[in-house]
Amino acid sequence: AQSVTQPDIHITVSEGASLELRCNYSYGATPYLFWYVQSPGQGLQLLLKYFSGDTLVQGIKGFEAEFKRSQSSFNLRKPSVHWSDAAEYFCAAKDDKIIFGKGTRLHILP
Amino acid sequence: DSGVTQTPKHLITATGQRVTLRCSPRSGDLSVYWYQQSLDQGLQFLIHYYNGEERAKGNILERFSAQQFPDLHSELNLSSLELGDSALYFCASSVGGGTETQYFGPGTRLLVL
Numbered sequence: 194a195q196s197v198t199q200p201d202i203h204i205t206v207s208e209g210a211s212l213e214l215r216c217n218y219s220y221g222a223t224p225y226l227f228w229y230v231q232s233p234g235q236g237l238q239l240l241l242k243y244f245s246g247d248t249l250v251q252g253i254k255g256f257e258a259e260f261k262r263s264q265s266s267f268n269l270r271k272p273s274v275h276w277s278d279a280a281e282y283f284c285a286a287k288d289d290k291i292i293f294g295k296g297t298r299l300h301i302l303p
Numbered sequence: 007d008s009g010v011t012q013t014p015k016h017l018i019t020a021t022g023q024r025v026t027l028r029c030s031p032r033s034g035d036l037s038v039y040w041y042q043q044s045l046d047q048g049l050q051f052l053i054h055y056y057n058g059e060e061r062a063k064g065n066i067l068e069r070f071s072a073q074q075f076p077d078l079h080s081e082l083n084l085s086s087l088e089l090g091d092s093a094l095y096f097c098a099s100s101v102g103g104g105t106e107t108q109y110f111g112p113g114t115r116l117l118v119l
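So the protein sequences, as listed, match chains G and S. Quick note: our numbering has the first sequence finishing at residue 303, numbered continuously throughout. Quick note: our numbering has the second sequence finishing at residue 119, numbered continuously throughout.
A portion of the hints provided could be inaccurate.
If you want the footprint, here are the derived chain G segments under chain S, 3+ residues with CB under 8 Å [stated by the list, open to error]:
1. 239-246
2. 286-296
Take a look, some chain G residues computed to stay more than 10 Å from chain S by CB distance [stated by the list, open to error]:
3. Ala194
4. His203
5. Ile204
6. Ser211
7. Tyr218
8. Leu249
9. Lys254
10. Asn268
Think of the hints as simulated: they come from the structure by calculation, not from any bench. All values reported here derive from a predicted model rather than from experimental measurement. Even glycine gets a Cβ: it sits at the ideal position worked out from N, Cα and C.
This is chain S alone, in the form it adopts within the complex (with noise of 0.2 Å):
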């Protein structure tokens, strides 16, 4: 157990819906991360949050937004749902925004049908 919640596990919904995943970072963590990970275009980078703001963005689509809030636990939105946007969607956290080691959860799947 990585100490990194999220919620929910799993999540399935229908093209044009708008969903949002929860992340709740380690005790003491400041930087949480998102990621996305499908079978065709692997493990992606999408953002980075630090101690409330954004630090960094990569391939995260404009249909997509996510915020860190004052307890710190972070949200993605994820509007428009495409059929390709089905993926596991993975939060992780770390202690400081450098190189410190990242923590993962378990991770949400999201089925869009």
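Only chain G is shown next, with the shape it has when bound in the complex (with noise of 0.2 Å):
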């Protein structure tokens, strides 16, 4: 069955550090993958989205992910987070319908 998995369900960094979320996916072909972020009490926010061509994909806010074919990955990362960034932030893929993962919550320590 097609499944998005983002291992980690809490992070914690210090504010300045350098970030990277995990997301793996099983789909038959490659499917489309999106980033999105969600702050609390709010909706959804597209960070970024790969459908060809360049494996790095730049997003807003300084965020960039990675695909890796060869390891079905869609790694999101940010070289300096901000406390700002502290949110949840979900990996999607798509092919006929979409399909997130759990989530991974982003915790900033000063």
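Take the two lone chains, each set in its own frame, and fit them into one complex as the hints suggest.
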């Protein structure tokens, strides 16, 4: 069955440190891939998406993600996190319909 | 502000009841998507409408139904409510019906007592 896995439920990093959130997908063919962010009490906001082409995708708010076909991964990165990045992050994949991972909650230490 | 509006923001009701959630998409968007977010199930796609027609169905229960009206707003009807239906219900809209960016509304929090 198709699935999206985010292995880390919670991640804590210090402000200014680098960040990597993991996402693995299980699909027959490469799906479209997305990262969304959800701040408390808010809906989801699209950070970036990958359809094809360059495997390093730039998004909003300084985020980027790298698609690795051999690892079926689409990890989200940011070189230096800010306190305002504290939120829940969802990886998603879509072929005919979209499937979300369970999310990773990011905590930022001052 | 995504431009997608949802009403009501909160809804408290009892088991067995029926409720209607409303979504107004961004101006110009033809697609509306409905999602359910709960602690145990996570974020799940329910249904997609494009320009008034159903395009795709996800994990939507038979007790739930949706429609999109000529003015493109959408309603999600939940009936014979159970405790497990308590969740945050989001709608999202996009210009087309493919892989365009979906813009999410703030959600309706439903509590079934």
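Cross-check of the supplied hints:
1. 239-246: With 3 residues close enough to chain S, the hint holds.
2. 286-296: n = 9 at 8 Å, threshold three: holds.
3. Ala194: 12 Å, holds
4. His203: 14 Å, holds
5. Ile204: 17 Å, holds
6. Ser211: 26 Å, holds
7. Tyr218: 15 Å, holds
8. Leu249: 19 Å, holds
9. Lys254: Given that every Cβ of chain S is farther than 10 Å from that of Lys254(G), nearest at about 15 Å, it holds.
10. Asn268: It holds; Asn268(G) is separated from chain S by about 19 Å at its closest Cβ, greater than 10 Å.
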